[in-house]
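Protein chains in written order, with full-length UniProt numbering: chain A, 1 to 417; chain B, 1 to 417.
A portion of the hints provided could be inaccurate.
Because identical chains share one entry, a pair is satisfied inside a single copy or across any pair of copies.
Claimed, not checked - Using 20 Å as the maximum straight-line C-alpha spacing, the simulated DMTMM-like pairs for lysine to aspartate or glutamate come out as follows: (1) Lys314 - Asp182; (2) Lys414 - Glu209; (3) Lys5 - Glu98; (4) Lys308 - Asp269; (5) Lys179 - Glu218.
Read the hints as simulated data drawn from the structure, not as lab findings.
Protein chains: 2
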Amino acid sequence: MSLMKSWVASANDAAHPFPLNNLPYGVFSTADGEPRCGVAIGDMILDMQIAEESGLIALTDDPLFDVPFWNALMEEGPAVWAALRARLTALLGKGAAEQAKVEVLLVPMGDADLHMPLAVSEYTDFYAGMQHAKNMGAILRGSPDLPANWLHIPIGYNGRASSVVVSGTDIHRPNGQTKAPDAEMPSFGPSKRLDIELEMGAIVGTCSELGQPITVDEADAMIFGYVLLNDWSARDIQGWEYQPLGPFQGKAFGTSISPWIVTSAALEDFRAPTPPREKQLLPYLHGSKDGLFDIELEVLMQPEGADKATSLSKTNYSRMYYSAAEQLCHHASGGCEMNTGDLLGSGTISGPDRSEFGSLMELSWAGREPFTLDTGETRGFIEDGDTLTLRGNARGKGFTIGFGDCSGKILPAKTWG
Amino acid sequence: MSLMKSWVASANDAAHPFPLNNLPYGVFSTADGEPRCGVAIGDMILDMQIAEESGLIALTDDPLFDVPFWNALMEEGPAVWAALRARLTALLGKGAAEQAKVEVLLVPMGDADLHMPLAVSEYTDFYAGMQHAKNMGAILRGSPDLPANWLHIPIGYNGRASSVVVSGTDIHRPNGQTKAPDAEMPSFGPSKRLDIELEMGAIVGTCSELGQPITVDEADAMIFGYVLLNDWSARDIQGWEYQPLGPFQGKAFGTSISPWIVTSAALEDFRAPTPPREKQLLPYLHGSKDGLFDIELEVLMQPEGADKATSLSKTNYSRMYYSAAEQLCHHASGGCEMNTGDLLGSGTISGPDRSEFGSLMELSWAGREPFTLDTGETRGFIEDGDTLTLRGNARGKGFTIGFGDCSGKILPAKTWG
């Protein structure tokens with residue numbers, strides 16, 4: 001696959017995140033209008049609501065784009081997903097017969113605010129990065145040994161959908177219970193060990209049925225697309241609360257996603273295998289396709305007042321041990337119904353070296369080894385006013401599939417109103 | 001408070017679960033119609049959709065009952081909740097001027113199928129019963145000692161909303177990964193240790209704001225009502241998966257609720273205090289009201305083919321250590337946004353004696369001490385074809401506030417389709 005040319009000139013730059021090969025799906029608004037679905041092409045956004053109303057896009061009897069999220073399309077399933085992608089490719093490709101009709105429906109990205117691209121039904125977070133699991137074991141328990149089930153189960157836990165927000169949304173530092181190891185009683189107040197987790201989010205497009213398990217290949221076909229995902233984490237709250245039933249308030253105050261859903265179709269050429277299995281997986285977790293993707297990832301931090309961000313870490317989604325399809329298959333293995341709009345966090349993505357670690361907990365080794373920003377400031381964890389950004393790009397020959405930044409700024413904790 | 005008389009004669013029986021004092025909210029359908037909201041009064045259901053269409057109920061500019069769940073009313077908040085209760089009390093009370101107009105809107109309960117009374121937004125399950133926590137510690141870890149945080153935090157974890165079903169829905173035995181202690185590898189197949197958990201479910205009526213903690217009193221006022229809740233659990237799946245991130249597939253295949261939402265208003269006279277605090281709670285968990293309710297609870301089991309169910313256990317909701325208001329306050333303490341339709345499971349309710357235990361794990365002491373049913377059969381856990389039922393009643397002077405049975409029958413596990 002090489003760069004597919006568009007008549008939208010900015011989309012033809014080899015480094016631009018939104019070429020015709022990408023066509024990611026978002027929700028935008030301009031000064032005078034309500035949020036509506038849009039497709040990114042170069043520096044422009046195609047207004048899908050008007051495109052549908054005008055008849056340029058007419059895939060189904062009922063409208064898909066009269067709501068400000070992409071769930072209605074997702075519910076239609078893979079055949080309609082493919083038909084839409086083919087139609088958009090035709091409308092936006094170089095030499096398109098309908099260029100003049102489409103041109104008037106383009107909105108400059110600079111004029112647009114971006115919103116949540118989907119209505120999140122439920123949010124599940126996994127723990128599928130081996131290096132991250134080993135690092136957390138070494139930091140918290142003094143041993144990098146994996147939990148006994150880790151090589152057999154794509155371990156996950158249910159998170160909170162209500163706190164998933166789009167990039168650009170400020171996050172208030174959470175309050176919570178914490179307890180110092182030598183304290184007799186816990187105390188309550190703002191988290192002092194606020195962290196990020198660099199993850200990918202897989203978006204479930206079609207549903208499974210309550211009581212009915214699915215195969216890995218069926219799961220793979222159900223995944224509509226991917227976003228970058230920052231699973232903000234309060235390590236001190238999490239440390240005190242998580243035994244015996246897992247993370248709760250330490251993970252419930254915010255989860256940021258990038259604004260554009262990059263479809264599975266756009267990523268197809270970037271499929272990458274999971275690493276060699278250290279223990280053979282049970283047959284229900286076997287699939288026929290490479291389930292990871294070669295996506296370069298980066299974490300950046302910008303303190304309040306600094307004029308640019310410091311790059312903290314660079315890694316790749318293909319570092320994960322379990323794929324999203326394996327995770328989704330396991331998620332439904334007990335008969336759990338999976339639905340349109342379910343969001344699956346991959347788990348923190350860390351490579352083998354510190355330069356590839358995907359959380360501050362790992363980068364500063366639990367604050368014991370603070371790192372230095374380009375401004376000269378040091379950090380163990382996040383301070384109020386810091387902006388954290390995730391970036392992701394899949395690099396093709398002469399083109400880039402980008403996700404758009406996943407950013408969030410930390411504001412001070414709120415108290416009771 | 002004594003029995004409030006209705007012109008619906010069956011509602012005036014001291015033992016009837018649905019007197020005028022109760023007025024619980026459900027969703028029903030009859031042979032010829034779509035599901036719609038209804039209010040139980042004696043052996044009848046008041047059709048709220050037609051009551052609203054006909055103008056008998058007119059609380060808001062926009063309709064509340066054109067959808068088959070109670071979320072639209074819940075969103076309106078406590079003033080409208082109180083107004084509706086007052087209006088229903090007037091319409092259904094003895095001597096009501098509009099009796100003739102209301103009478104034609106009553107449907108015999110025997111002609112109705114009951115459906116989910118709410119659209120569940122997110123489901124959270126807590127672990128707030130001290131006796132249950134001690135029993136599980138004794139069974140699983142050989143010690144009844146509570147986890148270090150248990151007396152300080154109303155411990156909870158996020159569950160799966162998509163598998164919450166109404167009473168009467170059959171539940172397929174889940175498949176899952178399990179591993180015997182002496183086995184080298186895990187295996188995959190139907191759960192062999194299928195269990196129930198006797199719980200109450202609290203339904204969140206109004207929303208909190210992302211980033212904003214709430215007080216216990218604010219939380220109490222946000223709770224719209226309560227249902228009985230059976231948190232079906234696969235102990236063998238749970239035992240292998242739950243470290244380190246908590247229950248996942250062992251709890252994701254089904255959660256049953258009773259069909260009628262008993263409002264907080266109907267339960268007001270049955271408030272009961274939480275037991276003495278063994279450690280003082282942090283100030284954010286202090287509220288001004290008694291947060292539990294005096295509700296008698298019972299667990300019954302009926303094997304396939306038996307003509308009646310065996311009572312396994314009787315206890316009371318007031319046995320809990322934490323109230324739903326405390327749980328909801330804690331849930332929002334880190335800034336987690338709580339929403340209309342969120343469902344909070346209380347945690348398993350067990351009293352001090354075996355006759356009060358709220359799970360089969362406890363009743364059979366992990367299967368080591370099977371119990372005998374009235375049919376002469378013994379059980380450690382649930383077998384295919386067994387129906388499990390929860391019952392709940394608050395007993396007033398001359399009247400009863402009932403919940404309606406929370407039942408589910410276990411069907412064999414499904415395999416891949």
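Verification of the hints:
1. Lys314 - Asp182: neither (37 Å within a copy, 41 Å between copies)
2. Lys414 - Glu209: between (41 Å within a copy, 11 Å between copies)
3. Lys5 - Glu98: The answer is within: 15 Å in one copy meets 20 Å, while 72 Å across copies does not.
4. Lys308 - Asp269: neither (33 Å within a copy, 61 Å between copies)
5. Lys179 - Glu218: neither (44 Å within a copy, 26 Å between copies)
The structure shown violates the earlier hints numbered 1, 4 and 5.
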